[in-house]
Structure formats: C-alpha cells, structure tokens
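Sequences are here, hints too, so could you generate the full structure?
Line order of the protein sequences matches chains A and B. Residue numbers for the first sequence follow UniProt numbering, beginning at 1 and rising by one. Residue numbers for the second sequence follow UniProt numbering, beginning at 1 and rising by one.
Just so you know, these hints were derived from the structure itself, not from any lab. Please read these numbers as outputs of a predicted model, since none were measured by experiment. Mixed in with the good hints, there may be bad ones.
Pairs involving identical chains hold if they fit within one copy or between any two copies, as the list cannot separate such chains.
The list that follows gives simulated cross-link-like pairs (lysine to any residue, SDA-like), each with its CA atoms no further than 20 Å apart [to be verified]:
1) LYS202 <-> GLY258
2) LYS257 <-> LEU282
3) LYS85 <-> GLN215
4) LYS141 <-> MET155
5) LYS141 <-> TYR157
6) LYS236 <-> LEU32
7) LYS85 <-> LEU280
8) LYS202 <-> ALA219
9) LYS259 <-> ASP47
10) LYS141 <-> GLY120
11) LYS259 <-> ILE5
12) LYS51 <-> LYS85
13) LYS85 <-> GLN314
There are 2 protein chains.
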Amino acid sequence: MFHTIIQFGDHRYPFMTGVGVLAEAGNYVQELHIHQYMIITDEHTPDHIVKETEAAFGRLAPVRVLTFQPGEEWKNLSTVHELCKQVIDLGADRRTAIVALGGGVSGNVAGMVAGLLFRGLPLIHVPTTLMSASDSVLSLKQAVNLTQGKNLVGMFYTPKLICVELPFLQSLAERDLRSGMCELVKNLLAICPERINEYRRKLRPNNQYELDELQQFIAFCIEAKTKVMADDPYEKKDGLVLEYGHTIGHALELTCKGKYTHGECISFGMLCAAYISQRLGLLTAEETAMHHELLERIGYQVELEPEWLPIIEQYVQNDNKRGYRERRPGCTGMVLLNGLGTIHREDDAWITMVDNSLISEAIRSVQERRAIMHGSRT
Amino acid sequence: MFHTIIQFGDHRYPFMTGVGVLAEAGNYVQELHIHQYMIITDEHTPDHIVKETEAAFGRLAPVRVLTFQPGEEWKNLSTVHELCKQVIDLGADRRTAIVALGGGVSGNVAGMVAGLLFRGLPLIHVPTTLMSASDSVLSLKQAVNLTQGKNLVGMFYTPKLICVELPFLQSLAERDLRSGMCELVKNLLAICPERINEYRRKLRPNNQYELDELQQFIAFCIEAKTKVMADDPYEKKDGLVLEYGHTIGHALELTCKGKYTHGECISFGMLCAAYISQRLGLLTAEETAMHHELLERIGYQVELEPEWLPIIEQYVQNDNKRGYRERRPGCTGMVLLNGLGTIHREDDAWITMVDNSLISEAIRSVQERRAIMHGSRT
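Structure representation (structure tokens):
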C-alpha cells in the first residue's frame with residue numbers, strides 16, 4: 001500500500017493506492033458527515049468493479065449508481081446536465097458525495113457534476129485505469145468537450161480523496177495499460193529525464209506488470225506531477241509542461257474517434273512536438289530519438305489514415321491553449337521542450353508560437369517515419 | 001461617481017458607479033491584455049443600453065453581442081451550453097472577456113459562461129437593474145436552475161470589474177426598481193438595523209429616485225454585504241444571512257412564473273421567516289411589524305393565488321440549502337433572525353430546522369394579513 005498527501009498550492013487531498021484501499025476510504029472522509037454516496041460511472045465499467053465499489057461505500061451510507069454512455073462523444077455538458085438532474089431526483093443534498101468511478105472521462109464528467117451541484121459537492125475519485133490513476137485524477141482540472149474542441153468548458157475542482165484499488169487496473173485491456181504508460185513516458189521525457197535510465201529497463205511492449213510495479217509507476221507519476229504543480233496548481237506556468245504533446249495529440253484524438261487511446265494520441269503529439277523542437281534547435285537528434293525509443297518500449301504504434309490530416313490540422317487551430325499568448329496569424333501555440341525535462345520559454349511565455357506549416361510538416365514526417373519502420377518490420 | 005474595491009476573503013475587484021463610468025472601464029482591465037469582448041445579454045435589454053455598452057468596449061477592442069431569451073426558465077445549463085458554443089464560434093480564446101450586461105439572470109448566465117469557458121475567462125459585470133447592481137453582482141456565486149429547483153448548479157467565480165452606469169437604472173420600470181429596493185430592505189432588517197431610522201424616511205412607494213439617491217443605496221448595499229462577506233466570501237456562515245427570505249421566496253418565484261419580481265418574492269419570504277422567527281420567540285411583534293412597515297414604504301404588494309400554495313410547499317422542500325444540516329424528517333432548513341441584524345444560530349449551525357407545518361402556517365398567515373390589508377384599502 002502507498003498512502004500519501006497530494007499538495008498542489010493550497011489544495012491538499014489524500015491519495016491511497018494498494019489492495020483493499022476502498023475498505024479504508026471511510027476513515028478519510030469521516031469529518032464530511034456524508035449522508036449518501038452517488039457513484040457515477042460509464043456503462044463499460046466492468047460489473048464486478050461497480051459491485052465492489054458499491055459494497056465498499058454502502059458500508060458507510062446509502063449508495064446509488066448512475067451511469068452514462070461511454071466515450072469522448074458523451075463527455076459534454078448535456079451529459080453533465082442530465083446527471084445533475086438525476087442526482088437531484090435521487091435526493092442529493094449538500095451531504096451527498098459524488099464517487100467518480102472509471103477512467104478519465106468518468107473522472108471528468110463526475111468531477112463536473114460534483115463541482116457544479118450546490119456549487120460543489122464532495123468528490124471522491126476511484127480511478128480504474130492506469131491513465132486516470134496516474135494522470136487525470138492528479139490534476140485539479142475538470143472539463144468536458146464542446147462540439148468545437150476538447151475540454152473547452154470546465155473548472156478547477158479539488159477532490160476530497162483518491163482511492164486506487166490496484167486490482168481494478170489489472171483487469172484492463174493491454175491498450176488501456178499502454179495508454180497509461182504513455183503518460184509515464186511523457187513524465188520521463190518532459191519532467192524527470194534523470195529517471196529514464198532506470199525506467200527504460202522496466203518498460204515492456206506487452207504492458208503486463210505486477211501490482212507492485214503498477215504501484216511504483218503511480219508513485220513516480222505523483223512525484224513528477226508534484227514537481228511541477230506544487231507551486232502551479234492551476235497549470236498556467238511550469239505546470240503547462242503536462243500539456244506536452246497535447247496540441248496535436250488532442251486533435252488526433254478528436255479525429256480518430258476512439259481508434260487510438262488518449263495516451264497513444266498524446267504520444268503521437270509528443271513525437272510531433274519533438275520533431276518541431278529539434279527543427280527549432282531546442283532538442284538534439286538523440287533526444288528526439290529517445291522519444292521514439294521509450295514509446296517503442298511500451299509497444300506504441302499509431303498509423304494515421306490519410307484523410308485524417310486536414311481534419312487534424314483544423315482541430316489543432318481550435319486547441320484550448322489559444323490565447324495564452326498574443327495571436328499570431330498562421331501560428332499555433334504549443335508546449336515545446338528545450339532539452340529533455342525543461343519546458344521551452346519564449347518571450348517569457350511557457351507556450352511557443354509555431355508556424356502551422358511546420359506543424360503540418362511534423363505530422364507528415366512523424367507519420368512517414370512510423371510507416372517506414374512499420375513497413376520494414378513486416 | 002463612487003469607486004471602491006470590493007474585498008471578500010482573498011477576492012478583490014473594483015466597483016465603479018456613476019454617470020459615464022463605462023468609458024473608464026478600460027483603465028481597470030489593461031493588465032489583462034484583452035483581445036476582444038463578448039457581451040452577453042438577454043433580448044429584453046433596451047437597445048440603447050446594448051448600443052452604448054457595445055460602443056464603450058468597442059473603443060478598447062473588437063466587440064460582439066450575444067443574446068439569449070429572457071426569463072428564469074432560460075436560466076439553465078442548456079442556455080449556458082449554447083452560449084459557450086457561440087462564443088467559441090466567434091473566435092474566443094483566453095484573452096476574450098465576457099461582459100455580463102443586464103439583470104440578475106444575465107449576470108448569472110454570462111457568469112457561468114465566463115467561469116466555464118477555458119476554465120475561466122475574465123468577467124466584467126455591467127448590471128442594468130438596481131437588483132443586480134446592489135445585490136447579485138456583489139456575490140461570487142454564479143448559478144443556473146435545474147427543472148427541479150433554482151440555482152442548483154453553479155460555481156463561485158470572481159469578476160474582474162463591476163461597472164454600474166447609473167442612467168441605465170433610471171430606464172427601469174417601477175417594478176424593477178422596487179425589486180432592488182426589496183434587497184435594500186433585507187439588508188436593513190437582517191444586517192444593518194441601526195440604519196433603519198435613517199432609511200425609512202427615504203423610501204418611497206413609487207420608487208422614483210434621483211441618480212444620487214440610487215448611488216447612495218448601492219453604496220449602502222456594498223457596505224452591508226461587506227459586513228458579512230469580508231470573512232465569508234463563500235457565504236457558508238455569517239454570509240448565509242443574505243439568504244434571509246430566500247427559502248420560501250425562491251419557491252414563490254418558481255411558482256408565480258414572473259408575475260412577481262425576485263425582490264417581491266424574497267420579501268414575501270422574509271415576512272414568512274419573520275412570522276416563524278416570532279412564533280419561535282426570536283423576534284418581537286414590533287420587529288416583525290418593522291418588516292411590514294419597510295416593505296409598505298416601498299410599495300410592496302404580493303397576493304398569492306390559492307392554487308399556488310401546494311406548489312410552493314413542494315418547492316420549499318427542494319430548496320438548495322438542503323444538507324447544510326443533518327436532515328430531519330418533516331423539517332426544512334431556513335435562515336431566521338434572532339433580533340433584527342442577527343442570524344439565528346441553532347446547535348452551532350447558521351440554518352434553523354423549521355417544521356414544515358409551521359412553514360405552511362406562516363405562508364397562509366402572511367397571505368391572509370396581506371389580503372385583509374389589501375381588502376381594507378379598496
């Protein structure tokens with residue numbers, strides 16, 4: 001077991017990882033005098049996980065389960081609105097806690113419901129994917145999509161508790177584990193390059209890991225996030241490094257409609273960002289190669305379909321980082337690295353303005369490199 | 001002109017009242033580097049007010065106007081969602097400021113749009129009603145309704161600036177001025193009873209006031225609000241006194257569908273709360289009579305329709321104060337006074353649990369008293 005206190009700015013909350021941690025959740029929320037728990041999850045969360053979570057919170061107070069349709073396309077304000085109404089119909093009041101059960105989408109949707117109802121109900125995250133356990137629940141950012149782009153509406157909202165019941169993660173499909181490992185690779189490249197040598201030996205292309213390895217990975221991700229968020233809880237400065245790979249990655253994610261996971265899409269975005277950083281003289285060829293090597297080690301493999309390219313380019317220009325800096329026609333703001341582990345700062349800003357033509361070149365070049373490697377393998 | 005800095009907890013923002021203050025707004029938001037302004041208002045805001053506001057902000061940066069349908073029934077998450085999409089379609093980024101132009105509903109709807117887009121865009125309030133200028137913009141609370149009740153979904157969000165262009169208030173209908181004056185009476189009764197003698201002479205049943213009188217009223221409301229919110233910005237403790245009259249008042253507001261203004265409904269709720277406070281030995285008959293006297297002086301006149309009673313009772317039980325305290329079957333939590341100017345505390349809570357039967361008795365009794373007085377007049 002691994003218990004710690006997350007501290008980002010003034011925001012503090014306990015984080016529990018291990019086997020059987022759900023049974024201990026009650027000890028951490030006693031002072032909230034919670035009357036009832038409402039578990040919000042999507043319909044794909046395995047039955048036994050829902051049942052176990054229901055049973056654990058049911059020992060503390062009455063519990064209800066609300067579900068919504070899985071997938072990014074349901075991560076929107078209409079879903080949040082519908083769930084808010086259901087939660088009220090089930091008799092919620094200010095002593096009702098929302099339990100966000102599932103992956104990143106459940107965490108965000110339930111996080112918005114908790115943040116908005118009565119201007120804030122207690123929120124408990126029970127992440128069931130490696131990605132959510134090691135990444136999304138560690139951010140105070142909640143958000144849902146508009147039809148125009150990802151995560152355009154949201155808020156900062158702090159949970160009261162995170163419970164990672166490790167065996168839940170072992171029931172994941174390999175692609176879901178790999179998605180989480182992509183985030184770990186991001187942390188290695190963008191925040192803690194001094195840990196690369198230790199980790200490159202531990203990574204496996206089949207993404208099968210023991211529970212204690214998963215726990216170690218989560219602990220590392222907490223360490224990396226804390227490094228940049230302790231003094232930047234709202235991720236406006238150094239914390240923006242966590243958006244590495246996200247400008248192009250989000251655009252791919254919206255385009256591919258679920259063919260690739262969030263982590264895979266962000267990884268593609270990191271490869272593009274590395275290409276751009278290298279072209280601008282900010283990364284060496286070896287540092288870019290390290291991106292490819294680490295992602296190879298976790299079995300990363302993304303191939304774009306040719307018709308996606310213009311769609312991706314369109315989405316890139318609607319990215320939600322717009323406006324961190326003055327607009328520049330023909331340019332898009334991106335997080336770039338200036339050497340591994342260091343966000344590039346341009347004119348005192350943490351976002352670098354990149355020519356859209358260079359972005360297109362990067363996407364095509366990364367795609368070709370993958371195609372060549374993939375072709376030479378088969 | 002009257003310029004001040006509002007300070008509630010760590011939240012600070014400038015508040016300007018006077019003639020021609022809109023022209024000065026730019027001086028207060030320079031450091032935000034705003035690229036464009038989006039004015040959100042409802043379709044009933046008079047044309048000349050929209051035009052003047054557009055012109056004032058248009059001198060600073062490009063400006064767009066977005067409207068939504070007026071009225072409480074459009075104050076919901078669907079309207080917020082629709083406006084968020086429109087704002088993005090018009091090219092918003094993090095340097096876009098939202099200008100909330102209008103009464104309380106515009107303030108809340110635009111406040112939610114600003115709070116949610118990009119997890120928070122700069123918000124400027126340009127209230128055009130006495131109610132919004134002296135009450136709603138002075139709260140950090142933003143909220144919209146669910147079909148199940150008022151203000152059930154929302155957030156705390158701090159504006160960057162408040163501009164009260166006083167002549168806008170003079171174009172109001174008498175009922176809208178009276179609505180704002182109801183809030184002033186609430187502040188006299190619930191926060192600053194030492195000012196009652198000074199104010200009772202100033203109140204007029206026709207609600208026609210000079211600009212300098214309106215300015216004085218607004219300054220008084222700022223003073224009263226600051227008294228309870230300086231150390232309680234989230235209105236969870238002493239700040240809850242601002243909810244005086246709101247439990248039954250909100251229920252009436254939802255029931256009467258616009259026949260009475262927000263202020264009139266809250267006034268009815270205050271009369272009921274005073275009745276209950278007196279029945280519980282917390283207010284004297286003279287203190288309750290003072291409620292009636294001050295409201296008479298501003299021309300208050302509310303008559304319930306008989307079929308409203310059961311609907312009001314139903315809404316009372318869905319009030320959003322639910323859960324501030326342990327539930328008690330057959331009871332509803334209310335803000336009561338223990339003498340004028342003092343919120344009643346019960347078991348260390350700021351909310352008192354009141355028998356639903358006493359609430360029904362209060363509603364009927366206040367209604368009968370009004371009917372008798374009204375009957376004796378005609």
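Within, between, both or neither: LYS141, GLY120 at alpha-carbon 20 Å: both (14 Å within a copy, 11 Å between copies)
Taking 20 Å as the upper bound on the Cα-Cα distance, should LYS141 and MET155 be classified as within, between, both, or neither? both (6 Å within a copy, 14 Å between copies)
Intra- versus inter-subunit Cα pairing at 20 Å for LYS85 with GLN314: The answer is between: 17 Å across copies meets 20 Å, while 35 Å in one copy does not.
LYS259 and ASP47: within-copy, between-copy, both or neither at 20 Å Cα: Answer is neither: 24 Å inside a copy and 50 Å across each miss the 20 Å cutoff.
Within a copy, between copies, both or neither: which one fits LYS51 and LYS85 at a CA-CA cutoff of 20 Å? Neither way: LYS51 and LYS85 sit 23 Å apart in one copy and 38 Å across, limit 20 Å.
I want to check one pair: LYS259 and ILE5. Are their C-alpha atoms no more than 20 Å apart within a copy, between two copies, both, or neither? For LYS259 and ILE5, the Cα distance exceeds 20 Å both inside one copy (36 Å) and across copies (53 Å).
Homomeric proximity label, LYS85 with GLN215: Cα distance no greater than 20 Å: Neither: 37 Å inside a chain and 40 Å across chains, both beyond 20 Å.
Within, between, both or neither: LYS202, GLY258 at alpha-carbon 20 Å: neither (28 Å within a copy, 66 Å between copies)
My question is about LYS236 and LEU32: at a cut-off of 20 Å on alpha-carbon distance, are they close within one copy, between copies, both, or neither? between (31 Å within a copy, 15 Å between copies)
Same-copy or cross-copy closeness of LYS202 to ALA219 [CA-CA at most 20 Å]: within (15 Å within a copy, 66 Å between copies)
Between the shortest in-copy and the shortest cross-copy C-alpha distance, which are at most 20 Å for LYS141 and TYR157: within, between, both, or neither? For LYS141 and TYR157, both the intra-copy (6 Å) and inter-copy (15 Å) Cα distances are at most 20 Å.
Between the shortest in-copy and the shortest cross-copy C-alpha distance, which are at most 20 Å for LYS85 and LEU280: within, between, both, or neither? neither (50 Å within a copy, 35 Å between copies)
Of the numbered hints stated above, those contradicted by the structure are hints 1, 2, 3, 7, 9, 11 and 12, listed in ascending order.
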